[in-house]
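So the sequences go chain by chain: A and B. Going left to right, the first sequence walks through residues 1 to 178 as my numbering numbers them. Going left to right, the second sequence walks through residues 1 to 325 as my numbering numbers them.
Be a bit skeptical, because a hint or two may be false.
[Said to hold, decoys possible] Across the chosen pairs, the derived CB separations fall in these ranges: (1) B:A24 to A:P80: 40 to 48 angstroms; (2) A:E139 to B:V89: 36 to 44 angstroms; (3) A:H160 to B:G194: 31 to 39 angstroms.
Hints were generated in silico from the structure; no laboratory data involved. Virtual Cβ for every residue (Gly too), placed ideally from N, Cα, C.
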Amino acid sequence: MPVVMDADRISRALVRIAHEIVERNRGVENLAVIGVRSRGVPLARRIAAALKSICGDDVPVGALDITLYRDDLMRTTVGPQPLVRRTEIPFSIDDRVIVLVDDVLFTGRTTRAALDALIDFGRPKAIQLVVLVDRGHRELPIKADYVGKNIPTSRRETVHVKLTDTDGSDEVSLESEA
Amino acid sequence: MDAPAAQAVVPATSLRRKDLLGIAELTPEEIVLVLDTAEAMKEISQRQIKKVPALRGRTVVNLFFEPSTRTRTSFEIAEKRLSADTLGVAIASSSVVKGESLVDTARNIEAMGPSMIVLRHPASGAAHLLSRVCKSPIINAGDGLHEHPTQALLDAFTIRERKGRIKGLKVAIVGDLLHSRVLRSNVLLLTKLGADVWVCGPPTLIPLGLEQLGVKTTSRVDEAVEGADVVMMLRIQLERMEGGFFPSLREYFSVFGMTAARLKRARPDVIVMHPGPINRGVEIASDVADGPFSVILDQVANGVATRMAVLYLLAGGGADNEAVA
Numbered sequence: 001m002p003v004v005m006d007a008d009r010i011s012r013a014l015v016r017i018a019h020e021i022v023e024r025n026r027g028v029e030n031l032a033v034i035g036v037r038s039r040g041v042p043l044a045r046r047i048a049a050a051l052k053s054i055c056g057d058d059v060p061v062g063a064l065d066i067t068l069y070r071d072d073l074m075r076t077t078v079g080p081q082p083l084v085r086r087t088e089i090p091f092s093i094d095d096r097v098i099v100l101v102d103d104v105l106f107t108g109r110t111t112r113a114a115l116d117a118l119i120d121f122g123r124p125k126a127i128q129l130v131v132l133v134d135r136g137h138r139e140l141p142i143k144a145d146y147v148g149k150n151i152p153t154s155r156r157e158t159v160h161v162k163l164t165d166t167d168g169s170d171e172v173s174l175e176s177e178a
Numbered sequence: 001m002d003a004p005a006a007q008a009v010v011p012a013t014s015l016r017r018k019d020l021l022g023i024a025e026l027t028p029e030e031i032v033l034v035l036d037t038a039e040a041m042k043e044i045s046q047r048q049i050k051k052v053p054a055l056r057g058r059t060v061v062n063l064f065f066e067p068s069t070r071t072r073t074s075f076e077i078a079e080k081r082l083s084a085d086t087l088g089v090a091i092a093s094s095s096v097v098k099g100e101s102l103v104d105t106a107r108n109i110e111a112m113g114p115s116m117i118v119l120r121h122p123a124s125g126a127a128h129l130l131s132r133v134c135k136s137p138i139i140n141a142g143d144g145l146h147e148h149p150t151q152a153l154l155d156a157f158t159i160r161e162r163k164g165r166i167k168g169l170k171v172a173i174v175g176d177l178l179h180s181r182v183l184r185s186n187v188l189l190l191t192k193l194g195a196d197v198w199v200c201g202p203p204t205l206i207p208l209g210l211e212q213l214g215v216k217t218t219s220r221v222d223e224a225v226e227g228a229d230v231v232m233m234l235r236i237q238l239e240r241m242e243g244g245f246f247p248s249l250r251e252y253f254s255v256f257g258m259t260a261a262r263l264k265r266a267r268p269d270v271i272v273m274h275p276g277p278i279n280r281g282v283e284i285a286s287d288v289a290d291g292p293f294s295v296i297l298d299q300v301a302n303g304v305a306t307r308m309a310v311l312y313l314l315a316g317g318g319a320d321n322e323a324v325a
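Input sequences plus hints: build the corresponding full structure.
So this is what it looks like as structure tokens:
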């Protein structure tokens, strides 16, 4: 499986994205970072840490589980239900700029579900989207504001994101059609 | 931030069954899956907008053949928080009073295409009967003296939330052991997850062979409560007490009632539970029911989260009949 991003590349991309967030929002005041479960959460924490080292301010971090908002839930006739995990947003999102973080942007359906889920928590001032990898093939009109790396793929390929927190090491690889 | 508490049992990835009929059929892994899912569901109940779209377009029929406030309300709130359409069939105004059988009632309701049926019935085994004749998932909300699985699940959820674990805890269950489906479901669940379960009641209210379920029985409350992490009181079912099981309610309270003095034998961080409705001054003293160790109202709150978990997990199975709805 060809490795498309190694650990150094991932960490440089996240630091660069943190700088872009600061530049675009003129600081981190009134900003919060929310990761989409599961791999968006460690990425969100790393971005928050990078923001702190740039600006010196703590940025609140949350975790969002989008399972109950998926558009493919209950569409199949019979089958096991996807696991639901806890959403943890221990702060008000009203009138804040929310930086939403996910690992891979593909069809855009996860992001659509995440937007719906977030709106149920309040009315943010704005939502900006961070993805580590944009692999194309959008099925919905959704675009990322900050991208770690654009990776052109075929639909039949699979992008694997490994992170130290969940998988023991940092690596993005591309698996061609089996 | 992620895992609830260190636990010996790795949760299952899904409930591979159509119905929830009892705890007896569940594996420990499935029980932990329900409890973990309930944790995610509990967070929804703490939001300002307490609703998620998971069961949108599904209809859940609540078929209650026995009086119930807590369970019925709890199921209905759980269904609404998952965006299901809910329908309560009030038996007093239904065709059951004209002599229609349970199976016929259920078949007719099923012909209207519900997604799930929640059943409370005075006959033991009623839910099992319906599960054989209905394609829709059946959730047992209490059948006769048999089982009340969602009550045991919410009790386990409450214990785990307070104690961080279930394995190795001493749980004393005190009260009417003979007529209690809550007891049976709780004993099955707690022993499956490795708790040390003691049950206590008047000798006339201890069913024969209870020890075979892996519990210790006693008629001495002090022995049951000694060093207990959890004290669970069962209701004296006044409507079923015509058999002369004990001389009087006053005497019952003086021998078996949970008082602050008796509770001193338990661990200092004991929690006191009761499935409700409580008879103050019969099985439990008012100051204990309302006291600092009581988690009775937590149980009620957790009931909604636990039932949301069960509804969600079962909604994936047996949904074939949606096509005709």
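Hints that the structure is at odds with (numbers, increasing): 1
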